[in-house]
Amino acid sequence: MSVLVDDDTRVVVQGITGGEGKFHAEQMMEYGTNVVAGAVPGKGGQEVSGVPVYDTVHEAVDEENADTSVIFVPPAFAGDAVFESLDSDLDLAVAITEGIPTQDMARVNKRLSETDTRLIGPNCPGLITPGEAKLGILPGNIFSEGNVGLVSRSGTLTYQVVDSLTSRGIGQTTAIGIGGDPIIGTDFVDALELFEDDPDTDAIVMCGEIGGEDEEEAAAFIDDYVDTPVAGFIAGRTAPPGKRMGHAGAIVSGSGTGTAESKISALNDAGVPVGDTPEEVANHIEEFLS
Amino acid sequence: MKLHEYQAKNVFADAGIPTPASELASDVDGVVTAAEEIGYPVAVKAQVQVGGRGKAGGIKLAEDEEEAREAADSILGMDLKGYHVDRVLVEEAVDFVNELYVGITMDRGEGKPVAMVSTKGGVNIEEVAEEDPEAIAREHIDPSFGMHPYQARKAVYDAGVDQSIARDVSSVLTTLYQLWDDKDGADAEINPLMVTSDDEVIAADAVMNIDEDALFRQPELAEMEEEAAGGDELEQKADEYGFDYVRLDGNVGIIGNGAGLVMTTLDLVDHYGGQPANFLDVGGGAKAERISNALDMVFSDDNVDSVVFNIFGGITRGDEVARGINEALEQFDEIPKPVVVRLAGTNWEEGMEILNEDLVTVEQTLEDAVQRAVEYAGEVNDQ
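These protein sequences, in sequence, are chains L and X. Residues in the first sequence are numbered consecutively from 1, following this note's numbering. Residues in the second sequence are numbered consecutively from 1, following this note's numbering.
Calculated lysine to aspartate or glutamate pairs in the DMTMM-like style (CA-CA distance at most 20 Å, straight line):
1) X:Lys287 <-> L:Glu20
2) X:Lys112 <-> L:Glu217
3) L:Lys110 <-> X:Asp181
4) L:Lys110 <-> X:Glu110
5) X:Lys112 <-> L:Asp80
Don't read these hints as lab results, they were simulated from the structure.
Looking at chain L on its own, in the form it has when it is part of the complex (with noise of 0.2 Å):
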């Protein structure tokens, strides 16, 4: 019933002190989760609702055996927050914050190809295993149990969605909030692996956006690996052209990728039918387990 995070996870807060970390901590515990540590440097010994703190995250492990992150530190000291994770031997971090300069995430992105560390985020919502745990800021009452995987580069966007499939006694085993910078730890390949293997995950649905060749690419996999029906969803088919994407990044792609029309076409492709709205998204799901 899970993908990466479960009961037995072992949660380190970094940036446990302050007001996000602390609400989120909170809500986190109450949802299920075993938050074990804080790591805040200069307040280590001090106690964050019941949690010890430590100076360093390595500290966390050694003391608590902690094997997951979840990052609310700003977004200045927020790249190498995210180094000190990977530098611990984590299996997991998880980054919420948003606005992290994307020069940051490329040294780290360049030390996460060198370390067994998996990273989530930033900018994301994070993940939750319904029922069981969830890491990061995720609404926890509007999820439910069950057997659908979600993955999804916008957070308000995964609420949306969810509330559909919830509504109509559709569950989740697990959906996972990616993030939607430039650049990203887990991306919606990863994600789809994660599911594929995972034998409780019976259908998948996949919330994108215009931007970027994720999706293309997501697609692209699907075709080749995943076996378990994809469902999806392509938001800002009527945006204009995305204001993040600079002129020499069209350079980049070259071609006429990273909009709706490419990426719907690309899942189509791959036989992942594409709901106009967060409804019919869920209709498709709703035949799928039929």
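Dock chain X against the given chain L, drawing on the hints supplied.
Only chain X this time, still in chain L's reference frame:
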């Protein structure tokens, strides 16, 4: 954040990239004075943030004072693709025999910076990328080490740059990468990099986009931001409020939280036969005041006939949203435009209790809310 050409040129010149002599001017006499200092012929170039300035009449050559006056007269004050031109760059007209393209950007697919060089400069390089991708040499850079000198040479030789200028072009590319790295560039480009008959290379145009998320550590560039902004009045207002906002052609105003959900709301408006007037993302965790500002923004767009508010709270709380909507609407004797609200997620029930339903139309689902807003906008148009 995109720098104006003159700002980017200053940054490039300070780093040691050769640029033509130039001066900024904002009236006809200023243009003539600058031209005389620089020496004819000069190019007079509109300083607005749009591509294709030359074709649109925003760049003119002047051989003498009379032509300089004419050029200044026609360009200053013109409307260039919706942007008012109030400043021009007067620049030494370089006598060139060849035009190259060099650029640095982040390749998001690879998660690494990429340096690009092409001998097909001076034209629409996006078209080259599409029709003849081989004509652009690309070299990926390890961001933790930076660009090795050999990589600059490799890109230059791969692109087929002439031996006589290869060393100088490599040097420009190395400097451009260093600049991009130091200044938190998103894109840094020179198109064209002109080659003179004496085998000198000169940056005839300069493009520099800065990563907005990194402005906190680029204080001198952040100071340029106000000057660089320009453009649409509503978009400037959105900048002040700190919203992600894009103005569109339709009449259904759209406010939501999270880019993906707001885009989805736009798509649904289109799906149900309406036309989105804007994209406005209030971001995560918006408090009442921010919500109220968002409504103020959308109301101040004359094209808007109805507004749909779509909030699915995670970090954002429904009660805060409801308070913000009330605050914004209670100032009016009569609500200027119908507002449809859909609240879901964190604290939505508390929000519904707070929301003044005399002022707004409440819908439970996204689909219903969008359809209602499209109907309202249609009714206004029928009148």
